[in-house]
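Given these sequences and hints, build the entire structure.
If you read the sequences in order, they're chains A and B.
Position 267 of the first sequence, counted from 1, bears residue number 266 in numbering that gives the first Met the number 0, the numbering being contiguous throughout.
Position 232 of the second sequence, counted from 1, bears residue number 231 in numbering that gives the first Met the number 0, the numbering being contiguous throughout.
In short, the hints are calculated from the structure, not lab data.
Check the hints yourself; a few may be wrong.
Only pairs whose alpha carbons sit at most 25 Å apart, straight line, appear in this in silico SDA-like list of lysine to any residue [unchecked claim]:
| no. | chain 1 | residue 1 | chain 2 | residue 2 |
| --- | --- | --- | --- | --- |
| 1 | A | K130 | B | A184 |
| 2 | A | K130 | B | R170 |
| 3 | A | K101 | B | A254 |
| 4 | A | K209 | A | E175 |
| 5 | A | K153 | B | Q119 |
| 6 | A | K153 | A | E175 |
| 7 | A | K115 | A | L134 |
| 8 | A | K101 | B | A184 |
| 9 | A | K101 | B | R255 |
| 10 | A | K153 | A | M198 |
| 11 | A | K153 | A | L134 |
| 12 | A | K130 | A | K153 |
| 13 | A | K303 | A | R270 |
| 14 | A | K101 | B | V101 |
| 15 | A | K130 | B | R158 |
| 16 | A | K130 | B | R255 |
| 17 | A | K153 | B | R170 |
| 18 | A | K130 | B | G155 |
| 19 | A | K130 | B | A254 |
| 20 | A | K130 | B | P16 |
| 21 | A | K130 | B | A157 |
| 22 | A | K115 | A | P88 |
| 23 | A | K153 | A | A106 |
| 24 | A | K303 | A | A318 |
| 25 | A | K153 | A | A178 |
| 26 | A | K101 | B | P171 |
| 27 | A | K153 | A | G64 |
| 28 | A | K166 | A | G64 |
| 29 | A | K101 | B | V176 |
| 30 | A | K130 | B | L253 |
| 31 | A | K130 | B | L182 |
| 32 | A | K130 | B | P185 |
| 33 | A | K209 | A | P37 |
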Amino acid sequence: MSTVIRVDGIAKSYGEVRAVDHVSLEVGANECLALLGPSGCGKTTLLRLMAGLETPDAGTIAIDGADMTRTPPYGRPVNMMFQSYALFPHMTVADNVAFGLKQDRLAPSEVEARTKEALAAVELEALGARKPHQLSGGQRQRVALARCIAKRPKALLLDEPMAALDKHLRERTQLELLALRRRLGISFVVVTHDQDEAMTMADRIAVMDKGRILQIDTPRALYERPATQGVARFFGDINLWPSGLVVRPERIALSRASGDMEGVVIDIIYRGTATTYLVQTAELVVRVLRQNTGGDDDAQKGDKVFLSWPADAARMLSA
Amino acid sequence: MIARVLLGVGLVFLYLPLLVVMGYSFNASRLVTVWTGFSTQWYGELFADRQILRAAGISFIVAVISASLATVLGTAAGYALARFGPFRGRSIFAGSLAVPLVMPEVITGLALLLLFVAAQSAMPWLPGRGIGTLIVAHASLTTAYVAVIVQARVSGMARDFEDAAADLGARPATVFVHITLPLIAPALVAGWLLAFVLSLDDLVIASFVSGPQSTTLPMVVFSSVRLGVSPKINALATILIALTFLMLAASAALARKRSK
Numbered sequence: 000m001s002t003v004i005r006v007d008g009i010a011k012s013y014g015e016v017r018a019v020d021h022v023s024l025e026v027g028a029n030e031c032l033a034l035l036g037p038s039g040c041g042k043t044t045l046l047r048l049m050a051g052l053e054t055p056d057a058g059t060i061a062i063d064g065a066d067m068t069r070t071p072p073y074g075r076p077v078n079m080m081f082q083s084y085a086l087f088p089h090m091t092v093a094d095n096v097a098f099g100l101k102q103d104r105l106a107p108s109e110v111e112a113r114t115k116e117a118l119a120a121v122e123l124e125a126l127g128a129r130k131p132h133q134l135s136g137g138q139r140q141r142v143a144l145a146r147c148i149a150k151r152p153k154a155l156l157l158d159e160p161m162a163a164l165d166k167h168l169r170e171r172t173q174l175e176l177l178a179l180r181r182r183l184g185i186s187f188v189v190v191t192h193d194q195d196e197a198m199t200m201a202d203r204i205a206v207m208d209k210g211r212i213l214q215i216d217t218p219r220a221l222y223e224r225p226a227t228q229g230v231a232r233f234f235g236d237i238n239l240w241p242s243g244l245v246v247r248p249e250r251i252a253l254s255r256a257s258g259d260m261e262g263v264v265i266d267i268i269y270r271g272t273a274t275t276y277l278v279q280t281a282e283l284v285v286r287v288l289r290q291n292t293g294g295d296d297d298a299q300k301g302d303k304v305f306l307s308w309p310a311d312a313a314r315m316l317s318a
Numbered sequence: 000m001i002a003r004v005l006l007g008v009g010l011v012f013l014y015l016p017l018l019v020v021m022g023y024s025f026n027a028s029r030l031v032t033v034w035t036g037f038s039t040q041w042y043g044e045l046f047a048d049r050q051i052l053r054a055a056g057i058s059f060i061v062a063v064i065s066a067s068l069a070t071v072l073g074t075a076a077g078y079a080l081a082r083f084g085p086f087r088g089r090s091i092f093a094g095s096l097a098v099p100l101v102m103p104e105v106i107t108g109l110a111l112l113l114l115f116v117a118a119q120s121a122m123p124w125l126p127g128r129g130i131g132t133l134i135v136a137h138a139s140l141t142t143a144y145v146a147v148i149v150q151a152r153v154s155g156m157a158r159d160f161e162d163a164a165a166d167l168g169a170r171p172a173t174v175f176v177h178i179t180l181p182l183i184a185p186a187l188v189a190g191w192l193l194a195f196v197l198s199l200d201d202l203v204i205a206s207f208v209s210g211p212q213s214t215t216l217p218m219v220v221f222s223s224v225r226l227g228v229s230p231k232i233n234a235l236a237t238i239l240i241a242l243t244f245l246m247l248a249a250s251a252a253l254a255r256k257r258s259k
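Structure representation (structure tokens):
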């Protein structure tokens with residue numbers, strides 16, 4: 000897999016705050032990388048550094064093999080979709096899309112053809128004459144997308160692309176974005192604070208906190224083999240023993256007959272597809288998640304039960 | 000209830016004098032304080048007075064050119080303050096820009112007069128005091144007002160639009176012309192209108208820096224009132240009040256307008 004963006008030891012501070020603290024990562028060709036973390040973890044700053052909208056204090060950024068650390072944003076073959084979309088309010092949809100192409104001094108016929116092509120790719124050919132304020136949120140997002148892909152960038156940088164959308168629109172849009180990416184064959188870097196979104200969209204996820212990357216890996220590896228308690232907690236529920244032992248609730252088997260650890264059911268939370276049992280053991284209240292597949296011999300509140308889990312489900316993690 | 004009464008008192012205090020002037024401009028009598036009947040004759044006489052018409056022309060030319068000059072300079076200053084970050088000397092720049100807002104006009108006028116006199120003795124080929132010095136003086140006063148309006152507008156505008164334009168390949172000059180300027184256009188128009196009105200109304204600074212051939216409208220009004228109030232001046236005042244109110248209202252409406 001060849002590398003499209005290579006970030007090496009990049010750092011950026013605002014006063015005393017280290018927004019991005021010596022981060023290194025690579026974005027492969029045709030890869031979707033998610034930058035995931037809580038707000039203020041530096042993920043957007045990292046994205047803006049890639050776009051050239053911020054100047055790093057240290058480190059280098061290479062795009063498509065060329066060092067672009069000091070290249071201004073208008074010289075970089077990547078485009079960014081802003082969280083606010085930043086559609087120019089005084090221009091029509093078509094003029095918004097054509098704006099970037101005109102900067103490349105393309106022939107007017109070429110500008111027109113590629114504008115149409117980009118609007119067609121997001122199924123908005125019919126709305127070229129509208130102004131941004133006449134569009135719905137979902138349509139605006141697609142215009143912002145069309146404006147970026149019309150430039151045929153090496154990589155598309157997306158800052159919280161779903162943040163302004165309704166919840167029901169989000170999932171569909173995520174899948175549409177993935178389909179579009181496959182069709183265009185360009186790399187995506189997606190900034191998000193939503194781990195579901197990161198898992199749905201990304202080939203690899205970089206988990207960030209306080210300006211650093213905690214772990215960078217595939218969604219499955221992050222879930223099953225987290226490097227720290229923090230990463231483990233970020234993706235779903237965990238049971239954490241004082242010793243640092245971590246077991247996910249769905250890996251624990253609950254039995255009334257036998258097991259490795261003894262406890263008493265103190266609460267049962269029914270959730271439709273699954274049920275969570277809270278089991279008081281010697282050291283802590285363990286959460287056990289059981290799929291409701293029917294026919295189970297259901298434990299009741301107050302029952303004495305035994306817990307057990309396969310060896311590969313338990314991991315010793317540092318904080 | 001009390002609030003409404005206080006508001007009423009305040010409004011009467013502010014606007015009753017203006018209403019009196021406007022009312023008497025339609026008085027048939029030559030005596031300013033005696034109402035004898037409705038008439039528009041003073042408006043007729045006003046438009047027959049060559050001295051007043053000439054002064055109005057000068058005031059208008061000075062106001063248009065000085066407002067345009069102030070808009071260019073004020074926009075540059077306001078944009079720099081809003082977008083260039085904490086550059087070296089920023090606070091001195093911001094402070095010195097705001098000085099004309101609080102400086103007594105007599106001082107500003109006197110200072111400008113001394114400057115113009117000194118400049119002419121150093122460079123005798125410069126034209127004497129007249130329309131040119133009025134334009135420069137008014138622009139130096141009103142630039143600060145434009146800068147404040149533009150700075151507020153640019154600061155309130157998300158940087159995303161300019162960032163997006165740069166990301167799409169636009170160089171800084173293109174970004175400014177094609178993105179920033181259209182988006183802050185309402186502030187530019189508002190600033191221009193305010194500068195125009197300030198220049199049109201100015202008496203103090205104009206008295207210092209104008210020349211013998213460049214008497215402005217407020218100067219004509221002031222000097223003629225000292226010889227006794229003519230109802231003609233009431234008519235002129237009414238027109239000026241109406242014009243000023245219209246432009247200030249337009250300026251305020253535009254300054255408030257947000258781009259959709």
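Here is how each hint holds up against the structure:
Using a Cα cut-off of 25 Å, the hinted pair A:K130 and B:A184 holds, with the two alpha carbons roughly 18 Å apart. Using a Cα cut-off of 25 Å, the hinted pair A:K130 and B:R170 holds, with the two alpha carbons roughly 24 Å apart. Under the criterion of a C-alpha separation no larger than 25 Å, the hint pairing A:K101 with B:A254 is inconsistent with the structure, at around 31 Å. At most 25 Å may separate the alpha-carbon atoms for a hinted pair to count; A:K209 and A:E175 exceed this at roughly 31 Å.
For the suggested pair A:K153 and B:Q119, the alpha carbons sit about 62 Å apart, so the restraint of at most 25 Å is broken. Simply put, A:K153 and A:E175 have alpha-carbon atoms about 19 Å apart, close enough for the 25 Å limit, and the pair holds. Distance hint between A:K115 and A:L134 is fulfilled; the C-alpha atoms sit about 18 Å from each other, no more than 25 Å. For the suggested pair A:K101 and B:A184, the alpha carbons sit about 23 Å apart, so the restraint of at most 25 Å is met.
The hinted pair formed by A:K101 and B:R255 fails the criterion: a straight-line CA distance of about 32 Å is larger than 25 Å. Among the hinted pairs, A:K153 with A:M198 is consistent with the structure: their alpha-carbon atoms are about 23 Å apart, no more than 25 Å. For the hint linking A:K153 to A:L134, the alpha-carbon distance of about 28 Å lies beyond 25 Å, and the restraint is violated. The hinted pair formed by A:K130 and A:K153 fails the criterion: a straight-line CA distance of about 28 Å is larger than 25 Å.
Annotation: proposed proximity of A:K303 to A:R270 holds, straight-line Cα distance about 22 Å (limit 25 Å). Proximity of A:K101 to B:V101 is assessed by CA-CA distance (about 46 Å); at most 25 Å being required, the pair is judged violated. Restraint check for A:K130 and B:R158: the C-alpha separation of about 20 Å stays at or below 25 Å, so the hint holds. Straight-line distance between C-alpha atoms of A:K130 and B:R255 comes to about 21 Å, which keeps the hinted pair within the 25 Å bound.
Taking the CA atoms of A:K153 and B:R170, the gap is about 20 Å. The hint holds against a cut of 25 Å. Restraint check: the Cα-Cα separation between A:K130 and B:G155 comes to about 22 Å, which is no more than 25 Å; the hinted pair holds. Proposed proximity of A:K130 and B:A254 is supported: the alpha carbons are some 22 Å apart, at most 25 Å. A hinted pair counts as satisfied when its Cα atoms are at most 25 Å apart, and A:K130 with B:P16 does not qualify at roughly 48 Å.
At roughly 19 Å between alpha-carbon atoms, A:K130 and B:A157 fall within 25 Å of each other, so this suggested pair holds. With a CA separation close to 20 Å, the supplied pair A:K115 and A:P88 stays within the 25 Å bound. Our distance criterion of 25 Å between C-alpha atoms is met by A:K153 and A:A106, whose separation comes to about 22 Å. Annotation: proposed proximity of A:K303 to A:A318 is violated, straight-line Cα distance about 31 Å (limit 25 Å).
The suggested pairing of A:K153 with A:A178 holds, with an alpha-carbon distance near 17 Å, which does not exceed 25 Å. At most 25 Å may separate the alpha-carbon atoms for a hinted pair to count; A:K101 and B:P171 meet this at roughly 15 Å. Among the hinted pairs, A:K153 with A:G64 is consistent with the structure: their alpha-carbon atoms are about 11 Å apart, no more than 25 Å. Straight-line distance between C-alpha atoms of A:K166 and A:G64 comes to about 38 Å, which puts the hinted pair past the 25 Å bound.
A hinted pair counts as satisfied when its Cα atoms are at most 25 Å apart, and A:K101 with B:V176 qualifies at roughly 14 Å. For the proposed pair A:K130 and B:L253, the alpha carbon gap of about 21 Å is at most 25 Å, so the pair holds. With a C-alpha separation of about 14 Å, the suggested pairing of A:K130 with B:L182 holds against the 25 Å cut-off. Taken as a hint, the A:K130 and B:P185 pair is honoured in the structure, with Cα atoms around 18 Å apart against an allowance of 25 Å.
Distance restraint check for A:K209 and A:P37: the Cα-Cα separation of roughly 9 Å lies within the 25 Å cut-off, and the hinted pair is therefore satisfied.
Consistency with the previously given hints fails for numbers 3, 4, 5, 9, 11, 12, 14, 20, 24 and 28, ordered from lowest to highest.
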